[in-house]
Structure formats: structure tokens, C-alpha cells
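> Residue numbers (my numbering), protein chains in the order written: chain A, 1 to 264; chain B, 1 to 405.
To be clear, the hints were calculated from the coordinates, so they are not data collected in a lab.
There's no promise every hint is true.
Covered stretches of chain A (in silico footprint by chain B; criterion: 3 or more residues with CB under 8 Å from a CB of chain B, positions within the stretch not fixed) [claimed, not checked]:
| id | segment |
| --- | --- |
| 1 | 103-113 |
| 2 | 125-135 |
| 3 | 157-166 |
Heads up, simulated SDA-like pairs for lysine to any residue below, C-alpha to C-alpha not over 25 Å straight-line [as the list claims (entries may be wrong)]:
| id | chain 1 | residue 1 | chain 2 | residue 2 |
| --- | --- | --- | --- | --- |
| 4 | B | K298 | A | G121 |
| 5 | B | K298 | A | R31 |
| 6 | B | K298 | A | E73 |
| 7 | B | K111 | A | G191 |
| 8 | B | K298 | A | R80 |
| 9 | B | K41 | A | G160 |
| 10 | B | K298 | A | A120 |
| 11 | B | K111 | A | P155 |
| 12 | B | K111 | A | P189 |
| 13 | B | K298 | A | P30 |
| 14 | B | K111 | A | V178 |
| 15 | B | K298 | A | A145 |
| 16 | B | K298 | A | E86 |
| 17 | B | K298 | A | R69 |
| 18 | B | K41 | A | E133 |
| 19 | B | K298 | A | M138 |
| 20 | B | K298 | A | V178 |
| 21 | B | K41 | A | T156 |
We put the beta carbon where it would ideally sit given N, CA and C, even for glycine.
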Amino acid sequence: MSRIEKTFASLKERREKGLVVYLTAGDPDPRASLSYFRAAADGGADLLEVGIPFSDPMADGPTIQAAARRALEAGMTTARALALIEGLRRTHATPVVVFGYFNPLFRYGIRRFCRDARAAGADGVLVVDLPCEEAGEMLPEVRNAGMDWISLVAPTSGPGRVRRAVAMGSGFLYLISVTGITGARQSLPPGVEAWAREVKRRTSLPVAVGFGISTPGMARAAARSADAAVVGSACVRIVESNGASRTGPEALRRFVRSLKKELR
Amino acid sequence: MQENNKYAWPDRSGHYGIFGGRYVSETLMSALIDLETAYRKAKRDRGFIRELDSLLREYAGRPTPLYFARRLTEKAKGARIFLKREDLAHTGSHKINNTLGQGLLAGRMGKRRIIAETGAGQHGVATATVCARMGVSCAVYMGSEDIRRQELNVFRMRLLGAEVIPVDSGSRTLKDAMNEALRDWVTNVRTTYYLIGSTAGPHPYPVMVRDFQTVIGREALRQFREICGGLPSAVVACVGGGSNAMGIFTPFLPGKTVRLVGVEAAGLGLSSGRHGATLCRGRVGVLHGSKSFVIQDKDGQIREAHSISAGLDYPGVGPEHAFLKSTGRATYVAVTDEQALEGFDLLSRYEGILPALESSHAVAYGFRLAGKLGRSRAILINLSGRGDKDVPLIAGRKGGKRVAD
Numbered sequence: 001m002s003r004i005e006k007t008f009a010s011l012k013e014r015r016e017k018g019l020v021v022y023l024t025a026g027d028p029d030p031r032a033s034l035s036y037f038r039a040a041a042d043g044g045a046d047l048l049e050v051g052i053p054f055s056d057p058m059a060d061g062p063t064i065q066a067a068a069r070r071a072l073e074a075g076m077t078t079a080r081a082l083a084l085i086e087g088l089r090r091t092h093a094t095p096v097v098v099f100g101y102f103n104p105l106f107r108y109g110i111r112r113f114c115r116d117a118r119a120a121g122a123d124g125v126l127v128v129d130l131p132c133e134e135a136g137e138m139l140p141e142v143r144n145a146g147m148d149w150i151s152l153v154a155p156t157s158g159p160g161r162v163r164r165a166v167a168m169g170s171g172f173l174y175l176i177s178v179t180g181i182t183g184a185r186q187s188l189p190p191g192v193e194a195w196a197r198e199v200k201r202r203t204s205l206p207v208a209v210g211f212g213i214s215t216p217g218m219a220r221a222a223a224r225s226a227d228a229a230v231v232g233s234a235c236v237r238i239v240e241s242n243g244a245s246r247t248g249p250e251a252l253r254r255f256v257r258s259l260k261k262e263l264r
Numbered sequence: 001m002q003e004n005n006k007y008a009w010p011d012r013s014g015h016y017g018i019f020g021g022r023y024v025s026e027t028l029m030s031a032l033i034d035l036e037t038a039y040r041k042a043k044r045d046r047g048f049i050r051e052l053d054s055l056l057r058e059y060a061g062r063p064t065p066l067y068f069a070r071r072l073t074e075k076a077k078g079a080r081i082f083l084k085r086e087d088l089a090h091t092g093s094h095k096i097n098n099t100l101g102q103g104l105l106a107g108r109m110g111k112r113r114i115i116a117e118t119g120a121g122q123h124g125v126a127t128a129t130v131c132a133r134m135g136v137s138c139a140v141y142m143g144s145e146d147i148r149r150q151e152l153n154v155f156r157m158r159l160l161g162a163e164v165i166p167v168d169s170g171s172r173t174l175k176d177a178m179n180e181a182l183r184d185w186v187t188n189v190r191t192t193y194y195l196i197g198s199t200a201g202p203h204p205y206p207v208m209v210r211d212f213q214t215v216i217g218r219e220a221l222r223q224f225r226e227i228c229g230g231l232p233s234a235v236v237a238c239v240g241g242g243s244n245a246m247g248i249f250t251p252f253l254p255g256k257t258v259r260l261v262g263v264e265a266a267g268l269g270l271s272s273g274r275h276g277a278t279l280c281r282g283r284v285g286v287l288h289g290s291k292s293f294v295i296q297d298k299d300g301q302i303r304e305a306h307s308i309s310a311g312l313d314y315p316g317v318g319p320e321h322a323f324l325k326s327t328g329r330a331t332y333v334a335v336t337d338e339q340a341l342e343g344f345d346l347l348s349r350y351e352g353i354l355p356a357l358e359s360s361h362a363v364a365y366g367f368r369l370a371g372k373l374g375r376s377r378a379i380l381i382n383l384s385g386r387g388d389k390d391v392p393l394i395a396g397r398k399g400g401k402r403v404a405d
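Bound-form chain A, shown alone (with noise of 0.2 Å):
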């Protein structure tokens, strides 16, 4: 059993509701990134997520194309920021997924970055312009280096599609609510609960819902039908304001924790 799949084990029979951080791995430099993630983690993430900053997320909306560039401007690299889950793992066993673009891991060497990844503590693995017709790239390699595969579905993803990413996915299926990009919004979209119900009839893995969930009260209504919420751009927030100040990490971690409570 992966990490992955022990957490939502162990979520289950606790009868909680897990949730997923993401962070853009460097920023707003890659010390203070450290302490955000760890702060993250001891605030009561059960899993997290770490973005490889790429030049340009198309996927994205405006909080997180800020977060990308704050991070490359400080020197982020994908090197360093394995080093930071390697960094991050010395003190937590939360799990790892990292996020990116398929770009600067294709230039990093897909089986290098497999290898590397998995060295560094990294669990999983969540490439957001790999869909299935692509995924075949990638997707053995990251199975040889024993991490998971995270795939998504989207609202327009028919059911052939879920299917598919049934199928090809492991440790948890990524269901993204709205068709958009990334961002805080002020409410769930209609029919997201009912969607979510519907893809877990056809799926034994744990289902995560993201993509605009910015508070507790939104966390909660959106893994009710569901295993976990995932929710990024609010925190990458109080990333962006706070900086690198003392107190960053700590407001991070009082709002996870306001996060968490809703889910248990």
C-alpha cells in the first residue's frame, strides 16, 4: 500500500475527510517555501501538494501565475524543489504529490525526474497537460519509481473519459469542480456534490475535489460527497501576503487548521 492509499485508509476508518494543501514549491523564496509547507503539515494537512513553478500555467488563474513567478524569480528549479520535499520529509511523513507542467520535467528527463522524485520522498505524481493521450510518456516511469499517478477528471470529462482516468490513475482521482482554472472563488459550483457522488460510483479510488474551494465552509460542502478537498489558491494567498515574514508560516497554519476542523 503507498502512502497515499494508507492515508485515506486510515481517513476512513477515522471517519474524516482529508485535505489537500497546495503550495507552489520556492515561494516566495526556497527557505521561507519550507516553512509554508511545514506549516501546512503540522496545521493538519493530510496530503500535499507541490507545484513545480513553470514560466507559463495555462491552467491557472491569477493567484498562482504570481506564486510561479515570485518562485522563479528567487531561483526555484525543479532540482531544488525535490530538495525541498527532500527537506520537508526530515521532519514530516505527510504525503507528497508533486504538481507541474510537463515542460521543465520533460527537460529534466522524465525517468531522471521519476528516480529523483521518488528519492526525494515525493509519492505521487500529478502532471496537469498530461491527459491520457499524452500520459503514456510518463506514466511507467512513474510507476516503476513506485509513485502514483494522480489523474484528473473535469465537468467535461463524459463518462468514457472517467473511465479512462479510472483506469490509469492511482492513490486518489483528482476532480476538478469547475470548468476554469485555478483561483479562490466565493461558492462551489451548482451540481458539484452530485457530479462527485456520480464519479465515485464508478471509481474504488478515494475522490479529491478542487479547483475554487477558499474557505472551511466550502471544504466541507465539497467533500461531502467526496474523500478530500484540495484547496490552493487560498492559501497561496497567505503565502503572498505574508512573505517571508516570521509569521507567514504561522497564519498558514491557524487557517489549515480552520481548514481541517470543517472535515473531521
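Dock chain B against the given chain A, drawing on the hints supplied.
Using the frame of chain A, we list chain B on its own:
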């Protein structure tokens, strides 16, 4: 590889060898598959073909002439130079060929909102034109740097009823406009048609845009045969994303006897690091949904391109060009900003044609190439667009000085 004389790329999954494909988020996949299905159906539909043909003829003014540039030829002292006059097509460039085709397709798919990205503004104008004709709403994403240097086209788009949305992220050029257009599409995918203007982006865009632009090469091949008999020694076209080049290259691909030359933007010089010469200096990567050559750093971050011409100021290139480079069927060279300006002056002074700065790159290289070839040979240059849009920029650079001989 396929049989010698057949050229049947892309394959069913939208790949040209290792290039092409669909590197997009899951949200867009079903829209791309729907588009591919609709396009395949339209391609076989006589009614669609007839309607497009009549629009190309009566609305866009096709066929565009093939013109023998006598004085330019005399000046070059070499091969005869022929110009395919896409600058005479409606809206002033080849872009209308593709927007008419995709516009019809959007109509068939029931989409009432069309979005586009634009660099030089030529594709934006061609899209706004087609939308006005069809009575559908139109939003064009354009980098704020490009808005500054292509003011005339911005105004034209607005006159045509389109909304021009400035993009302030990144290098504020075509690359960033495409990012924003993709973000809009992913958000409004159910109601919106994304009309990509180049042979770039995820499958089926590169093949679809190529097919709609191939009318250029089909006409040129026929016209050249009528005037000269036989085939030209070389076909020269500028390459940003690569649509006018694919359009004129495609009918010449199978024979393998015609030299095909794509001219990229060397900007301030290939060694300056400030250029748009993706095929000459980039490396294999993924940008905007397909695998091709990309100007990037060692970590896979996309670098800013530079060219005096907004239409070539792009760090990516269509996947089919990457494929043609890798097979050696086409060669790719680069021309600097300064050389392109010389090309602009040459054509203006010797032929009375103001070319677009993009096309000026092809003119500059074609002129040099003609000089190296014997007088019995002939070359074909794709004059992809007219230069009116660039006049303010050129006037600014010349600072009121008299044009040098």
C-alpha cells in the same frame, strides 16, 4: 516513415513523428475531440467545401496573384523572384483563409462566441472580420506590448466590433496572449470557439490551420506551372507559428525536389539571445498544447522571444515545422531585425509593395538566395501580408530620415 512520395502526417493521434499531440488540461480534451470530429466531417462535406470556396473567391478575393518581381530580380542578379501576393487578400494577409474556414466550422458547431489570440494583429483582424460577417461576438487577446506596436490593427479590430483584451503578463506578447486565450477557453469551453491563428496549439489545430492555408500553395503551384512550366527551385516563407509557411509548403512536400526554406526572426542576432528563431536555436519541449521546438532555459522555463515583427515574436513554433526540420525536408534560417528592415525597403523601393515586417524576413532571405542561384532558376516567396500596419513603427525607427538607397 511513410512511403517515399506520400506525405500523410499527422497520424491519427495528431502526432508528426515525436512532435504534435495534445498537451492540455483534461477540461479541454473533450472540446478538442469534438472539434476534431466536426472538422473531419466538414472536410468531407461538399456543402462546406463549396461554401468556403465561394467565400474565398468572393469575399477574400482569391485566387491571389503570383507576381514576377522584375526589378527585384534584376537587383538580385540571379534567379527570377516570384511573389505569392497574400498581401492582396481581404484584411491584408493570408490569415483570412483560416478564419473563414474555422468561422464556418464554429457556425456549424453552434458556437456564438469566438475568441482568438493575436501577435501582429493580422489574425485578430481576420477573426474580427469573420465574426462581423457572421454576427457572432468576438474577443481577441493581445499582449500589451503588441497593442503598442500594432496600434492600427487594434483600432481595426475595434471598428469591426471585436473586444480587444490586453494581456499584461509575461513578455506581453503573442505567447502570453495565447496563455490567456487558453484560460478563457477552458472557462467558457461549452459556449466558445477558440480560433487559433497559427499551425500551433494542440491537435487538431495544426493540421486544420494547415489545411485551410494550403489554398496558398495549391494556387501558387498551379500559377507557377502556367507562367514558367515546372517547379520553382525554392519556396521561401517566414515562420513565426508557421501558418503561411505550411500553407505554401504543403503542396510542394511530396515531390522532394523543391527546396523549402522557413525564415525565422533572428531579432538582434542569434547569439544575442534576443530572437524568435525557435527552430534554429530552440530545443524540443512542450508549449501551448503541442510538442515542438521551444525557446527555453535549461530548466524548461519558456524564455521571451524578440523580434521587430510582432507576428514572429513567439518562442514556440508549429509541430509540423519541427517535424520537417527533423526529417530535413525543410530547412530553417533566420534573418535579423535590421535585415528584415532592408527587405522592407527593397520591396518598397523596387516593386512598389510595402510588405509586412513578418513577410520582410522572407523577402530579405529570398533576395539573397536568388542572388546565389543562376538566372535560369526561379524562386517563390510567400508575401504573407501587407505592411501598412508597420508604417508607424518603421517611421519611428527611421526618425524622419530619408530612406537610404
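> Hints first: check each against the structure and report whether it holds.
Results of checking the hints against the structure:
no., hint, verdict
1, 103-113, "holds (count 6)"
2, 125-135, "holds (count 7)"
3, 157-166, "holds (count 4)"
4, K298/B to G121/A, "holds, 24 Å"
5, K298/B to R31/A, "holds, 23 Å"
6, K298/B to E73/A, "holds, 15 Å"
7, K111/B to G191/A, "holds, 24 Å"
8, K298/B to R80/A, "holds, 14 Å"
9, K41/B to G160/A, "holds, 22 Å"
10, K298/B to A120/A, "holds, 21 Å"
11, K111/B to P155/A, "holds, 19 Å"
12, K111/B to P189/A, "holds, 23 Å"
13, K298/B to P30/A, "holds, 19 Å"
14, K111/B to V178/A, "holds, 20 Å"
15, K298/B to A145/A, "holds, 24 Å"
16, K298/B to E86/A, "holds, 22 Å"
17, K298/B to R69/A, "holds, 17 Å"
18, K41/B to E133/A, "holds, 22 Å"
19, K298/B to M138/A, "holds, 20 Å"
20, K298/B to V178/A, "violated, 34 Å"
21, K41/B to T156/A, "holds, 22 Å"
When held up to the earlier numbered hints, the structure conflicts with hint 20 and nothing else.
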